[in-house]
Amino acid sequence: MNNGMSGWILGTILAAMTSLVLGLTLVWLNIERMDIAYGLQKLQVELDNSAAHGAKLELERDNLLAPYRLRRKAEEFGMRPAVPGQIRRLEDVQ
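Using our numbering, the first residue of the sequence shown is number 1, and each one after it goes up by one.
Derived from the structure by calculation, the hints contain no laboratory data.
Do not rely on the hints blindly, as some may be mistaken.
Cβ-Cβ distance ranges computed for the label pairs, FRET-style [claimed, not checked]:
1) Lys56 - Ile87: 51 to 61 Å
2) Asp48 - Gly85: 27 to 37 Å
3) Leu40 - Leu14: 36 to 46 Å
4) Ile31 - Asn63: 31 to 41 Å
5) Gly78 - Leu40: 50 to 60 Å
6) Gly39 - Arg72: 39 to 49 Å
Bear in mind that the values here come from a model prediction, so they are computed numbers and not experimental data.
Glycine residues also receive a C-beta, built at the ideal position from the N, C-alpha and C atoms.
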């Protein structure tokens, strides 16, 4: 009877230890999953910010290169259209 009882106790202890290890593993995996999700969210925000910054820079470039603005700046600096013969083109010599 004593031998049967010790086998039962050993089985219970082994089952409890296995459950504890599996539970701790599950908790650790969930923590890792949350860390990865947080990092992914942080990268997504960074990507969105970069895309928004790129869009702002493109809008600013388009604004600076607008014909009306260039014409106004040229007048401000005293520039005028070139007269015939004032521009010379050189062919590329190879």
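**OP:** Please name the hints from earlier in the document that this structure breaks, with their numbers sorted from lowest to highest.
**Re:** 1, 2 and 4
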